[in-house]
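Below, each chain spelled out in residue letters.
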Amino acid sequence: MGGSVILLVLIVVVALWVVGAYNGLVSLKNQTLNAFKQIDVQLKRRHDLIPNLVNAVRGAMDFEKSTLEAVIQARNQAVKVNAAGPEGIKQISQAENALSSALQRLMVVVEQYPQLKATGNIGQLQEELTSTENKVAFARQLYNDTATQYNTKQQQFPTNLVAGLARAQPADLWEIEDQAERAVPQVDLSMKPKP
Amino acid sequence: MSDETSLTLFQQQEANRRRTALLVIGFVVFFAWLGFGGDYIYYLYTHDAPRAAYHHTFPWFGIVLSLVAVALARYAYDTGPEKVLWSTGAREVVGPSPPDPKEQQLVNVVEEMAIAAGVPRPRIWIVDDPDPNAFATGTDPLHAHVAVTQGLLDLCTRDELQAVIGHELGHVKNLDVRLMTTLAALVGAIALMHDGASRVLRPGRGSSSEDRKPSPLLLVLLVVWIISWILAPVIAQLLALGVSRKREYLADAMSAQFTRNPLALASALQKIENADAPTTHIKRGAAHLCIADPLGRRLTAHEGLFADALATHPPMAKRITILRGMGYAQLKKEGGSVA
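Protein chains in written order, with this note's numbering: chain A, 4 to 198; chain B, 72 to 410.
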């Protein structure tokens, strides 16, 4: 009698744990998907912003045509990519990273022309551009954090026993493809406080 | 970044939900004790009275006071964020693109941090005060508000502003705002009730019956009951103090997680610390919501018995030291990956 009660309690405890672990994985999966959608939203926002930006600086920047054209080309390239699956992520991130570096070059160029900065709304445009880049970066950061959490969870014991049941697949992280971004920044290791 | 933080985030949210519920229950129970205690004392007092005199048998006080407490708690919970914002005289930044470039930047920064934290964009407010400070309020991430002072906008760089907003959204994400706002509203309600009640209680009603000798039990009850009335605001204040100090370290860490730039928050805190003036627009009742103590920083300069008893915020120097440590650890890690 006592043995069967203990067995029953054990079964109930295990069943409760399975339910909890399963639901945890499903919830993380949906969070990961949602975080990925957030990147899409921010990328779309960026695509919509770029034509305005280019129009605003075009008049004053005849001499920098190639920079502007690079931005427009990268933007159109990025809009075209519409793939799904793990390969899709790679393609999208390649196109978007190319766009990011084109925009960065534009920012540098704008900095070099004080008369361009003097015309009021350039400051506003720069702020808008910084914010757009930050939003894309933070959306990626959230996606990578959530996906890492999801991946770790489904690989860790004992949650990995339920991973098959919850049809959990490792999520791809959003990687930095651009060489310039990958390069390690200059770091002062002397541990002195920043001025 | 991954497993541990999320687990503790969930636990923090649970703990904050539980503590808010306990706070509300404690509030109602306290008022029930005041009411029914008063009933019982009055019952004992009129127990031996002559037949024709009034006998207090039905616990009117208790029932009325409990109902009032429930209604007050409900009201405080629902309107807490509004009341907190109203008390600071904050104005909302409306529209996606306000005309002022600084405000535009604030809106952008809040949107960025909301993305990093994975919460909806909170409503944004500006308190017209030259002292740099910031606070968050609300009941959950869907109904959240972030407010900064004009001083903070003027003083901080973009990165520093971002770090401060990250700190506030940390409070929003782990539901600190729910507990702290409810507490602020209940502290306000207790102060209000206390003022009203002292006015009612002061004119003695039982002066006509000096001939009867009250029992010792009655006396003890009466003393405890009166002490409860007197202590109510003090207890509420102590609760507010205990609730906020540990949370600041945690929100600092969350800001660092969102921005990946702990040094920006360190330098923002340093600027706030150096601007050693009280934030006059933020009153004592909302002090525990702020990123830095709005009542001046003398109390938070040291950690010790005195500061532990009186300060709503941990010492700024300690917070800055912890953030710098995080920043250097991060730099070291990035540098180390070269090899």
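Hints may contain errors.
Straight-line Cα separation of at most 30 angstroms, DSSO-like style, residue types lysine-lysine; simulated pairs [claimed, not checked]:
1) A/K93 to B/K404
2) B/K342 to B/K354
3) A/K68 to A/K83
4) B/K403 to B/K389
5) B/K403 to B/K342
6) B/K173 to A/K47
From the derived model, a few chain A residues whose C-beta atoms are all more than 10 angstroms from chain B [as the list claims (entries may be wrong)]:
7) Q34
8) A38
9) Q115
10) L145
11) E178
If you're looking for bench data, these hints aren't it; they were derived computationally from the structure. A virtual CB, placed ideally from N, CA and C, is assigned to each residue, including glycine.
Against the structure, the hints come out as follows:
no.	hint	result
1	A/K93 to B/K404	26 angstroms, holds
2	B/K342 to B/K354	21 angstroms, holds
3	A/K68 to A/K83	23 angstroms, holds
4	B/K403 to B/K389	21 angstroms, holds
5	B/K403 to B/K342	25 angstroms, holds
6	B/K173 to A/K47	25 angstroms, holds
7	Q34	8 angstroms, violated
8	A38	7 angstroms, violated
9	Q115	21 angstroms, holds
10	L145	5 angstroms, violated
11	E178	15 angstroms, holds
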